[in-house]
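A.B. asks: Here is what each chain is made of, one letter per residue.
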Amino acid sequence: MKQALQTIDVATSGPGLYDITGKIVRVLSQSAIKEGLLTCFIRHTSASLLIQENADPDVLADLENFMRRVVSRDQKLYRHTTEGPDDMPSHIRSVLTQTSLSIPAHEGRLVLGTWQGIYVFEHRDAGHNREVVVQVMGE
Amino acid sequence: MKQALQTIDVATSGPGLYDITGKIVRVLSQSAIKEGLLTCFIRHTSASLLIQENADPDVLADLENFMRRVVSRDQKLYRHTTEGPDDMPSHIRSVLTQTSLSIPAHEGRLVLGTWQGIYVFEHRDAGHNREVVVQVMGE
Amino acid sequence: MKQALQTIDVATSGPGLYDITGKIVRVLSQSAIKEGLLTCFIRHTSASLLIQENADPDVLADLENFMRRVVSRDQKLYRHTTEGPDDMPSHIRSVLTQTSLSIPAHEGRLVLGTWQGIYVFEHRDAGHNREVVVQVMGE
Numbered sequence: 378m379k380q381a382l383q384t385i386d387v388a389t390s391g392p393g394l395y396d397i398t399g400k401i402v403r404v405l406s407q408s409a410i411k412e413g414l415l416t417c418f419i420r421h422t423s424a425s426l427l428i429q430e431n432a433d434p435d436v437l438a439d440l441e442n443f444m445r446r447v448v449s450r451d452q453k454l455y456r457h458t459t460e461g462p463d464d465m466p467s468h469i470r471s472v473l474t475q476t477s478l479s480i481p482a483h484e485g486r487l488v489l490g491t492w493q494g495i496y497v498f499e500h501r502d503a504g505h506n507r508e509v510v511v512q513v514m515g516e
Numbered sequence: 378m379k380q381a382l383q384t385i386d387v388a389t390s391g392p393g394l395y396d397i398t399g400k401i402v403r404v405l406s407q408s409a410i411k412e413g414l415l416t417c418f419i420r421h422t423s424a425s426l427l428i429q430e431n432a433d434p435d436v437l438a439d440l441e442n443f444m445r446r447v448v449s450r451d452q453k454l455y456r457h458t459t460e461g462p463d464d465m466p467s468h469i470r471s472v473l474t475q476t477s478l479s480i481p482a483h484e485g486r487l488v489l490g491t492w493q494g495i496y497v498f499e500h501r502d503a504g505h506n507r508e509v510v511v512q513v514m515g516e
Numbered sequence: 378m379k380q381a382l383q384t385i386d387v388a389t390s391g392p393g394l395y396d397i398t399g400k401i402v403r404v405l406s407q408s409a410i411k412e413g414l415l416t417c418f419i420r421h422t423s424a425s426l427l428i429q430e431n432a433d434p435d436v437l438a439d440l441e442n443f444m445r446r447v448v449s450r451d452q453k454l455y456r457h458t459t460e461g462p463d464d465m466p467s468h469i470r471s472v473l474t475q476t477s478l479s480i481p482a483h484e485g486r487l488v489l490g491t492w493q494g495i496y497v498f499e500h501r502d503a504g505h506n507r508e509v510v511v512q513v514m515g516e
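Residue numbers (our numbering), protein chains in the order written: chain A, 378 to 516; chain B, 378 to 516; chain C, 378 to 516.
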């Protein structure tokens, strides 16, 4: 069995979804693993991972807007407010999405559907440098 | 290390949960892998995966109803409306649930609890053919 | 390739987050696997898993409060009410969080970020004994 592990840096500039599909696919290609399992893991609790539609950018805007409606920024609702009104909502939005993603690889390609892209979901207002660990195991 | 990969087709007929536990268990049995990791991956962004209670069908109905309450179908809330009022809510419902599931196998069985079943959660009004990739790695 | 599997027992005493990071790290240490993948799987549908901030306990209280706001306990909303007002909300809260977590291991350590802890999220009012299966695969 072979293994590969790389950390990808993703520079964000405010809330929303950042497509990292190309970077993830590159880790698989460089690993030369054809059959196996790829795992993405984000090392943060105020940004998360997501697989979503990659065709219409309106989907990404609607997702961001949904999160704003369902996760209030009203600071009276929270105890943890030291870093501002986007602090605790960012943790909650992370909880409602993913910290890790598991994607099988087959014949050297991820088994993603035609319309699936892999995204970092930034929840903080300020830009951040986000680290995503990408690991591949297989043959 | 051994590996097995199969794609399972799941025909749905409208919103709700479809039990695929038997089909997933069959992939593990056929792989002859006794100790390892099974990964399920759904190749869609308007249907998702879920592990939930398999005893009382009322749980499944209540889950569907919860999703309808929390994810509005009011088209004024969305930009992405080309495929109808169930389109964007389906993407959001997928985001709130799972695209991939990881389940260890031990002594030739999945380590599911007594009350756990594996489900495809269909979010679109129309029936669809959904593809779930099932991969097993181990010995 | 080496594998290890252990079941961890977590005694809970009502709704909220229980830190199991130390117990999970111990399974990795005992496995002597340096490079690989660790999977946590909870064998229940009314408690779940989560990776969240481990620094400020207020974050954990705010998460519990968010779940109470978004997942109503009003029994008129549910069909599945036999075990009381916390029954169906517990299933929904599990659906909105995780049943399994995948965390790569590198140089004998989980690749968790500085502020990330691993938690069991208990959703029932009564204390329970929760089983978390921890599996490691790698070299």
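Treat the hints as calculated values from the structure; they're not laboratory data.
For glycine and all other residues, C-beta sits at the position ideal for the given N, C-alpha and C.
Keep in mind that a hint or two might mislead.
[Claimed, not checked] Here are the computed lysine-lysine pairs in the DSBU-like style, where the Cα-Cα straight-line distance is at most 30 angstroms:
#1 A/K379 with C/K453
#2 B/K379 with A/K400
#3 B/K379 with C/K400
#4 C/K411 with A/K400
#5 C/K400 with A/K400
#6 B/K411 with B/K379
#7 B/K453 with A/K411
#8 B/K400 with C/K411
[To be verified] Now the stretches of chain B that chain A is said to cover, found in silico as 3 or more residues with beta-carbon under 8 angstroms:
#9 446 to 455
#10 488 to 494
A.B. asks: Checking each numbered hint in turn, tell me which of them this model violates, lowest number first.
C.D. replies: 1, 5, 7, 8 and 10
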